[in-house]
Amino acid sequence: MASRNLDNLVKIGQLKVEPPDQAEFDGMVRSARNKLRDAGVKGISDDGRFFLAYSAAHSLALAAMRWHGYRSEKRYLVFQCLEHTVGMDKAKWRVLDQCHKQRNLAEYEGHLEIPMQLLNELIKVTEELLKLVDAQGPVAKK
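Quick note on numbering: the numbering used here labels position 47 of the sequence shown as 146, and the sequence is numbered without any gaps.
Since the hints were derived computationally from the structure, they do not count as laboratory data. Idealized CB from N, CA, C, for every residue including glycine. No false leads were mixed into what you were given.
As a list, the in silico EDC-like pairs of lysine to aspartate or glutamate whose alpha-carbon atoms are at most 20 Å apart: (1) LYS230 <-> GLU182; (2) LYS191 <-> GLU220; (3) LYS115 <-> GLU172; (4) LYS189 <-> GLU227; (5) LYS200 <-> GLU220; (6) LYS230 <-> GLU123.
Simulated DEER-style distance windows between Cβ atoms: (7) ALA234 <-> ARG136: 18 to 28 Å; (8) GLU117 <-> GLN216: 29 to 39 Å; (9) GLU172 <-> ASP233: 20 to 30 Å; (10) LYS141 <-> ALA239: 36 to 46 Å; (11) GLY139 <-> ASP106: 34 to 44 Å; (12) VAL109 <-> GLN235: 17 to 27 Å; (13) GLY112 <-> ARG136: 33 to 43 Å; (14) ASP233 <-> ASP196: 17 to 27 Å.
Could you build all of it, start to finish, from the sequences and the hints given here?
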């Protein structure tokens, strides 16, 4: 099912097929673990914690997509595909999508007001995403 949905995105030019690479996958997951751990440090500003957790979530979502042999040039799409790459519930990947919009407001318009509840949800969902990505196991050789 996941492959069919992702293949449809390839047909319309939203994703590209690219063989998965274990070293790339491992690097993305390792980076995400470090950023997620750092996002939990209470002495860091809330803005800093948000960007660390968001970056960890993005790395994990991209790793999940790469595990399946796809790549996207659109940051938001890796979050929207989590339902197909790791079976993440829509409500959870929508938190990540909301955080992506907040990140864009900060990056492109200089507006960053992150409610503490959203930051906490981001960290929680990213921790769950890490477990889902870990559960995929090693990249399959094709």
